[in-house]
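One-letter residues, chain by chain:
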Amino acid sequence: MLVNSISFWIFFVCLLIPYWAVSTSNTSKWQNWLLLIASYYFYAQASWKMCLLLAIATFVFYVLGILIEKYNKSKEKIASWLTNMGVCLGVGLLFYFKFLDFFIDEFADLLNHIGLQTNMSSFGIIMPLGISFFTFKLISYIIEVHRENIPASRNVVNFGVFVAFFPTIMSGPIDRPNQFLPQLEIVRKYTGTNLRDGLKRILWGMFLKMCIADQLAGYTDAVLNNYIHHNTTSILFASFLYSFQMYTDFCGYSEMALGVGHILGIKIRENFNRPFWAQNVAEYWRRWHMSLTTWLTDYVFMPLNLAFRNIGTYGLYLATLLNLIIVGFWHGANWTYGLFGVYHGLLLIIVSANDKRRKKFEKKHNLKKKAYWVYGRQLLTFILCTVGFLIFRSPSVGAFIDLLSAIGASTGGGLFKEGMQNVVPAIFAILILLSKEYKDEKKLNIAFLHSTNYLVSLATITIIIFYILLLGALEGSSFIYFQF
Amino acid sequence: MKKKLVYTLIFCIVLIGVDKCIGLFLEHQLTTLPDDGDRLAKINYAINKVKADIIVVGASDARTTINTQILKDSFTNYSIYNCGIDGQPTFVCDVVLNCILNRTVPKLVLWVVRPDALKDMKGQNDLSLLYPFYNNYYVKERLDCTDESFLRLKLLSKVYRFNGNALRIAKAKFFPDPTTYLGFTELDGDCTNMGNAEIEINQNFCVNESLKKSLMCTLERMQQMGIKVVFILTPKYCRNLTENQYVKMLDSVRSKYTNTYLIDDSQIDTLICNGKYFRDVEHLNAKGSQLYTKMLVNKIIHFMNNMNKSSNED
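Chain order of the listed sequences is A and B.
If you're matching positions, the first sequence starts at 54 in this note's numbering and goes up one per residue.
If you're matching positions, the second sequence starts at 293 in this note's numbering and goes up one per residue.
Next up, chain A with everything else stripped away, as it sits in the complex (with noise of 0.2 Å):
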């Protein structure tokens, strides 16, 4: 069931309706329950075999989550063990879902290499959806529950509800125990406030979803899938559409996941600020899948950090380019997963080894607001991501370089025109998103969607959804990130 699909609104519709009906009692229990029933259902529609898979593992971390409390204080190392024993779990299922029959193939693809001929077969295990997300989600629990930072949850559906919530489980964002299962604790009330602000942010998920991404996707797998028959231009032109894609289909989704939380009352992550305003990689991993990083950050990057101190600063570099590397293999099995991580981590490292230097440089050419040298950044930083961005979309790391090399060999001819009649639509949708992220970056008191004049946030509603049913792709495609 997509979110954009008319399905999922009839299922969040039905859900609504009692979901609003038991908030009139003192306790949050029903309304749990019910979310948690929804949630097993939205993911069974997908698989329902996988929903064995995710119950044993949220009950198998739940009763961790209160052995650890209850050995924290007495017996810490039983604590530890058990966390590490928790933290493995977690890392195992991913490993043996994701990469597995992956290690599998290239090690016989190894020693068939070396001429030691193997029978070696993969398994052919089926990755369930959103494993990624929601073993994190795992992970997060009993590593806050051990640093003491949150109490062991004492309610097995509370839990359930926050491993398996339904608009987070396929693509995050991914929530931490801190913040969501407090709030499952509380009667979510309907307030007009909350379902006014949720549907908002649903329709401009849906605009950035079926307006820009799905218009896009038809010209750049055309163009980036067939590159060796097209010309620089186009394939130059096909890059740049891919970076608004690859944003606007996974911001899309994410705006679409918290609009359905603040709906329900349930306050979830934000998972994007305006990546492409970031003057320097290092910003832009700030602003890009933000509950990503931050996870990796609070729970790969600090501890390596750390173990890495008496290295100095090489240590925080060989830090950096571990947690990029961990970044990019999280996405999937494959090498160009891991060249992507790579390519970012160097990024960071030349980031941060220039950081003195460069901030020297503009104090003392007074640059810092000069809008050439803001924008010129902002520019690279885009260049930048693009070409990470084809490295992530390439099938392998030598369809990558073949790639840049049809870059190279320039040919003539224009640019490749077949499916422009969904670009040009695409192209005025992510000038409409520009402008409405430069408003919020430099801060201007303007508002059209969020306005509080009633006939200007109407006239912006009605604007967006003739646009989406004029101009945007309705079939209700899959998003990018639901295969991570």
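Check each hint, because a few of them may be wrong.
[Claimed, not checked] Here are the simulated BS3-like cross-link-like pairs (lysine-lysine), alpha carbons at most 25 Å apart as the crow flies:
1. Lys601/B to Lys591/B
2. Lys504/B to Lys540/B
3. Lys591/B to Lys568/B
4. Lys591/B to Lys343/B
5. Lys409/A to Lys422/A
6. Lys253/A to Lys294/B
7. Lys489/A to Lys253/A
8. Lys540/B to Lys505/B
9. Lys312/B to Lys253/A
10. Lys470/A to Lys465/B
11. Lys294/B to Lys242/A
12. Lys412/A to Lys423/A
13. Lys253/A to Lys446/B
14. Lys423/A to Lys409/A
15. Lys495/A to Lys253/A
16. Lys591/B to Lys540/B
17. Lys253/A to Lys296/B
18. Lys409/A to Lys421/A
19. Lys399/B to Lys504/B
20. Lys548/B to Lys591/B
21. Lys422/A to Lys496/A
22. Lys470/A to Lys463/B
23. Lys364/B to Lys586/B
24. Lys399/B to Lys591/B
25. Lys295/B to Lys253/A
26. Lys242/A to Lys296/B
27. Lys548/B to Lys505/B
28. Lys364/B to Lys579/B
29. Lys601/B to Lys586/B
30. Lys295/B to Lys242/A
[Claimed, not checked] If you want the footprint, here are the derived chain A segments under chain B, 3+ residues with CB under 8 Å:
31. 475-489
32. 516-524
[Said to hold, decoys possible] Distance windows between CB atoms, simulated:
33. Glu471/A to Gln559/B: 25 to 33 Å
34. Ile305/B to Leu457/A: 54 to 62 Å
35. Ile305/B to Lys423/A: 48 to 56 Å
Just so you know, these hints were derived from the structure itself, not from any lab.
It should be emphasised that the depicted structure is a prediction, and the values quoted were computed from it without experimental measurement.
Cβ coordinates follow ideal geometry from the N, Cα and C atoms, glycine included.
Add chain B to chain A, keeping to what the hints say.
This is chain B only, laid out in the frame that chain A set:
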């Protein structure tokens, strides 16, 4: 609370009003375009008016390849109408034909199909030709057979029907194409310099099941009504390198019905790669269509005689 309800009500009324206004405006614009307007007028005529003994349905191949005058001269006792409309996918033909069958019972239907007639609808063309007829009950009913879920709910919006076409309309208005639709006239030009051309039609072989189901319903209906049906694959310029699985599939579908016959002339020796008979790789020119229709008439007469003979024997 009351104020909010009033606001919501006003908002819904504005939304419906704007939807209707934009929808009507687009419909008007679409019907006044030189190319689309002509095609829509023909679909409208076919759905609401056509009455003939022999009806030709299909896309541009039907319009340009089947010479209606030669058919008329050969079947003097029959009235003939050629419903061939450019860019009309199999599904649209199916819907239009069903609308015709609601009003009249022709004796013979000549259904010109493309070599990949049962392929995914989106792969062939869009369904934009049916937009103005979505209110027609029968069109709506046939559209329910498609893969599109909640279509009736979506059709509540008039603007929804024109999704993706607003820009096309704007482009046609502001940058008009000098080559307009040519009615039933045959095509000029030839492909004499083209040489040999080969294709593989079955790449990504994928049959649209809802289209197949819809087609079978129509064939069943025509069998019950005693209408003879001939599927025709008109000559193509290119030589197909592989056995056409779509044609095989179409043949297996039609073989379930005794009143149905398939003439596969897509690879006919006399015409294949013969540039002087083709306007482009898909369409015969005037010379080619005259030659081909004469050949086709003989095959149709042969089929009708066989059918009559077998019905007399029964």
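Here's how the hints hold up against the structure:
no., hint, result
1, Lys601/B to Lys591/B, "holds, 15 Å"
2, Lys504/B to Lys540/B, "holds, 13 Å"
3, Lys591/B to Lys568/B, "holds, 23 Å"
4, Lys591/B to Lys343/B, "holds, 24 Å"
5, Lys409/A to Lys422/A, "holds, 17 Å"
6, Lys253/A to Lys294/B, "holds, 21 Å"
7, Lys489/A to Lys253/A, "holds, 14 Å"
8, Lys540/B to Lys505/B, "holds, 16 Å"
9, Lys312/B to Lys253/A, "holds, 23 Å"
10, Lys470/A to Lys465/B, "holds, 20 Å"
11, Lys294/B to Lys242/A, "holds, 19 Å"
12, Lys412/A to Lys423/A, "holds, 14 Å"
13, Lys253/A to Lys446/B, "holds, 20 Å"
14, Lys423/A to Lys409/A, "holds, 19 Å"
15, Lys495/A to Lys253/A, "holds, 22 Å"
16, Lys591/B to Lys540/B, "holds, 20 Å"
17, Lys253/A to Lys296/B, "holds, 16 Å"
18, Lys409/A to Lys421/A, "holds, 14 Å"
19, Lys399/B to Lys504/B, "holds, 23 Å"
20, Lys548/B to Lys591/B, "holds, 21 Å"
21, Lys422/A to Lys496/A, "holds, 15 Å"
22, Lys470/A to Lys463/B, "holds, 15 Å"
23, Lys364/B to Lys586/B, "holds, 11 Å"
24, Lys399/B to Lys591/B, "holds, 16 Å"
25, Lys295/B to Lys253/A, "holds, 20 Å"
26, Lys242/A to Lys296/B, "holds, 18 Å"
27, Lys548/B to Lys505/B, "holds, 13 Å"
28, Lys364/B to Lys579/B, "holds, 17 Å"
29, Lys601/B to Lys586/B, "holds, 23 Å"
30, Lys295/B to Lys242/A, "holds, 20 Å"
31, 475-489, "holds (count 3)"
32, 516-524, "holds (count 5)"
33, Glu471/A to Gln559/B: 25 to 33 Å, "holds, 28 Å"
34, Ile305/B to Leu457/A: 54 to 62 Å, "holds, 55 Å"
35, Ile305/B to Lys423/A: 48 to 56 Å, "holds, 51 Å"
Violated hints: none; the structure is consistent with every hint.
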